[in-house]
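Protein sequences appear in the order of chains W and U.
Each residue of the first sequence is one higher than the last, beginning at 1 in my numbering.
Each residue of the second sequence is one higher than the last, beginning at 1 in my numbering.
By construction, these hints were calculated from the structure, which means they are not laboratory data.
The structure presented is a predicted model; accordingly, all values stated were derived computationally and were not measured.
Some hints could be false.
To be verified - With beta-carbon atoms standing in for the labels, derived distance ranges: (1) U:Q175 with W:T12: 23 to 31 Å; (2) U:S10 with W:T12: 36 to 44 Å; (3) W:T12 with U:Q211: 35 to 43 Å; (4) U:Q175 with W:V399: 39 to 47 Å; (5) W:H1026 with U:D186: 38 to 46 Å; (6) U:H140 with W:I353: 26 to 34 Å; (7) W:L484 with U:Q251: 54 to 62 Å; (8) W:T12 with U:D186: 32 to 40 Å; (9) U:D239 with W:L484: 47 to 55 Å; (10) U:H140 with W:L481: 55 to 63 Å.
To be verified - Listed next, the stretches of chain W that the computed footprint assigns to chain U, with coverage defined by at least 3 CB atoms under 8 Å from CB atoms of chain U: (11) 324-333; (12) 403-415; (13) 749-756.
In this text, a Cβ means the ideal position worked out from N, Cα and C, and glycines have one as well.
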Amino acid sequence: MLSLRLTLRALTWRAAASLTVFLVALIGITAAAVGPIYLHAVDEAVLAHRLTHAPQSQRDLRIVQDTTIGVSGVDWHRAVTTLARQADDPHWFDPPVFSENAPAEWQGKQNYDTDIAAVDDLCQHVKVVSGRCLSDSKGAKTVITQRTAQRQGISVGDELKPVPGGNSAKLPLQVIGVITPIEPHGAFWSPWPYFNAADSVFSNKPPRIDAFFVSHQFLTYLNMQIVETISANLRLRADNVKLDDLGALRARLAGLQTAAAHSNAVSTVSVPTVRSGLPSVLDAMQGEMSIARTLVILPAAQLVVLAIVLLYAVVAGTAAAGGHDVALAKLRGRRTRSVLTQGLAQPVLLVVIAAPIAGAIAWGIVRTIARGLLGAGVEVVFPVAAVEVVIAATAASVVAAVVAARRILVSPVGQLLRRTESTATPRLGLILVDAATVALGIAGVVELAATGTLDSGSANPLSAVAAVMLGAAIAVLVVRLLPLVGRAALRWTTESRRLAVFLAVRQIVRRPLGARVIVLLGVALSLATFAVTMWSSASYNREQRALEQGGANTVLMVRTGPHVYDLRTAVDKADPSGHSMAAAIVRVARTTPVLAVDTDRFDGVAAWSPHDANVGIGAILSRLRSHAAPSIPVTRSALRLDVKATSVPDVGTVMLGLTLTGADHQDRAYNLGPVHQGQNSFTRPVTCVLPCRITGLLLSVKTGAKQELPKNAQIAATVTASVATSTTATNWQPVAGFDQPSRWRQDGSGVVQLQTAGTALAIRSQPSTPESTWPDLLSADSPAHLPAVVGKVTASLYDGTSIHDVAAFGLDSNPIDLDGSTIALSLPGLDRNGAMVDFGAALATMRGPLSPQTQLAVYVAHSAPSDLVARLAREGVTVTRTIRASTLDDQLDKTGPAFADGLFLVAAILATVLALGATVLASATTARRRAYEFAALETAGVSRPTLRRALAVEQGVLLVLGLAVGLAAGLIGANLALPNTPVFANQHVGPPIDTSLPYGLIGVLTAALVVVFAVTSLIIARAVSHQANATRLREAEA
Amino acid sequence: MSGIPIRCESVVHIYPGNGKDMDNVVALRGVDLEADAGEFVALLGPSGSGKSTVLGLLAGVLRPSAGRVIIGEHDISRITPRALGRLRGALVGTVLQNPARNLLPYATVIENMRFAAEANDDGTRAEDMLEELDLTHLSHRVAGRMSGGEQQRVAIAVAVCGGGKLLLADEPTSQMDTSGRDEVVDLLHRVNSHLGVTVVVVTHDPHIARQSGRTITIRDGRVGTEGRHGRDFAVVGRDGSLQLPPDVREQFAPGTMLEVSHDADGIHLQRWDPKESGS
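Work out the full structure: start from the sequences and follow the hints.
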């Protein structure tokens, strides 16, 4: 009891020292605990972000079975319902929603594809426009969408007779209601494509209309065999899924898939499948978590080590201060246990008290920073790993305290009473530690280089500590060399009149252990420099990635009005300053996406990194727009073609065809009729939207069933095109450029020779074989192969030759060929997969209206007019959606590497503060001894300002060397290893990583640190000199 | 309670140098010293003469480089550190020069007493000792908040309470005014006379020296003179050496040759001048 009471009294008596030990232990253990708590929160945030941002189709669990219903005695719903019941867990999933749909054809105004569908709770998710909703009756009743009703002129009471798949008989259904879906793109309806009415994209497929809805009861008792798909959709409750659930969730999915595979299939019923994108979402998420873990653990470990070193220094100092208690205990002959208690109880008690408080503070810190770094709503818990780390850090702190106090405990009582310290330093041990540190640093860099990681872009966790290892190695070398340099400077300082420098250099030479703060600072600052560089680079690269992902600073998805045929014209009028750009993106499933851009406005508007391609953007844009020839314009309402045929085959009839393409990009084909030997003239009204272009001319021979062309059959003719305001006009004007061979290009096999003949175009045409098709003439304003820049992923699908012939779809969804000989790593808005072409060239290839797969867009630079949306509206362009790079950047900031990157920086800054604190404490613990020396020097006549300057110079030299070592190692490490850190390496999306060092930011921070260090040096000098007075000398006697 | 005798036989003590810029320092060069149980001895001598070293050897905080140091029946130069610690706890009380350094500053007087007496006490000895030495009124004062004189008196009580048979005090009055000094000296004598404790005091204070029954002056690491009741005597060493008193020594330059003779009245030292002797 006495020991405990004395310990508690000692703690309060030496409140400042106790508080210091307590605070350092608190900081150390807090630093240790922050890592695992934050990591857990990061994992939860990544999980929540991934799950909430994954498309619903990936998150949900779907059980699907194809079957034929209408077979008596077969419960065709059983397998799906059994599996759905197995999967149903109210914690993870909403109750399953069952649906069954049978593909059908229906003859309305024309033949349509549709579905006969039944969905659970249909009536709760539709609004009845007329009639009533379905009941559970077995009757052949249906409800249809308002869109179908309006387009097809269907009313309540009408009877529809779709033909379901698997049966040729019609299935009569009476319309009892007209409905509109509530939130057709919402969570309930999105699993099923029941509202996908669309025109036909491909000529061999009929257009679709929305589904006809019937009741489950109707289908259950249907006495007619039809093919249908039964499905159950279980919507994931993303908010309920926590990290601890992942294993069980994966197991549940795997179990369901196994159960589905073992379901008994019968001849008309397929094996049900369990579909979910969740495993791949979780895999991607765990990849992110792994990166975060690597990054978080390293600085956290660094913090712990620093904190323990600091704790050791503090406890050693306070133990020295309390050494007299131990001396008295020994002098009084107290028992060993009692002496141990006297020496150890105080620091150990303080560390043990600090541990739970540190845990709570760590939790509070993570809660606070999580709001800023991870976003609101992230649940911060105290995971088991954090408890283990707190225990380990506490144990390490206690060991550090014991080791620090041991020196006092084992010292002879006489030595303790005389307050002398052993001058013997563990030289061999220190040399070994130093050698190991240097060897480790060199080995680390060699390892990185030897495994080919440096500059390879492959991730290696070692790269994240490269700077620290280098920092430690360089710092140790500097510390070892410093006394040698100091000795060399001794003579110079002796001859100098500067007494302060003289004293400072001697102190540095005398106390090599004091220079160890260089190692502490060097390591911490190398980590901080590396962290700042990494954070800055990562932040910049995320911005660039978001910019390229979006396409520009802002991308407006637009719809054009009825008379806006060229978006470029509207944008030019709306924004004459040129800070926005027309674009169009064509995405046809499983083909190369095509981005058409206004090449005149691309530079400065669209996102483009100089590292995207080997060629400058100017040359690329020039190439994209270089190949197109001018159009052959038709600007009047009547067109006449005068054909003078000089050579026609003896067999068959020569036919003349002409294609005009209107300003609305719609083709008008004119079959002008037979061409006879000699002069022919064809006059037609122009029916396309003016101004039109002549885009095709075909001279061919039509043969009868039993007629064969001779082998060398050819057509030779001169053709003149002229236009007038009407077919009866007399003032016909020649069509500009029609007679120029350069305006034409051949399409198809065979030989076409072109020549200008006065104002006419002389044509000599011959097929490759008598049986083959006659070659076309197409206008050269749309080249056969559109020059394109292709993304890296697209390019990887083609070899050196085929890259000139990339298959894609144009803005009208007609196939086009691209010459993708220029390759870029990433394209604005398309990432690495796709091709970029000139907008004008893409328009020239159009032979029909914009397809539904084409999305028009306006790319907007930061400097564009703020009222651009209104201006575009005035030009007939409506904005339907806005994509901002900043929003995408925010989303990228919510990914695991970004979270970890933030903590890496915070930890590095904390480590720097700790190292600086350790330096101050190291000075404070030597202050007592220094005070004796300074008192003696003052007694000998050295002025107090000189003493202060001497100490400031000494501290300043150490701090500046620490700073220099840290900066150098951090920058070298960043330069060497930054591309290989898990944040940057193995990135398969976005623009090329730019890891150039942020010298400006580093410079500012360095200047700030120099100021902090200067102030610290002065404070230390003042504090020590303040303690130096004559009474110290008397205390020193023993 | 009774004191114990002490004895130093040809004690040599060398403070080792650091092997670089500090040489070994020979503090004691063969000290022979003896005190009976219950005796009050003052060790005198100039600074650096070795008197504090003698005290450190007697307290067992230093080990002699050569010779024997015997406390009671224990030759402390030959026992283990652990046994030495136990011996200190059982027999020896030490009072250091700075009053504040003898006590745990954060503990009360009674706690300091108990802290010192832990090895021997059943809990009542501390209170008894305070009462015996008229210090009961200080028992619940915090040591660090007392005056120097109070601290030193408590330090003496603590020292006696812990060890009890031999009290070693190193300049116990060095930082005190007259009244404080008198109280401390008085207490030392009370400990000696009432409790029978053997007291060895290192001091520069002539007042203490005068009040001591016996003084021993250490010079240049040897016992120079011994005083009894105001008279100083040279002491013949175990090897027959004799240290001249300072005032006599001043008359003889180092290297001076003396002719030693003795008769019934005593020993006579006669300077021998080779020139005068005609050799």
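ask   = Which of the numbered hints are not met once you compare them with the structure shown?
value = Hint check: 2 and 13 fail, others pass.
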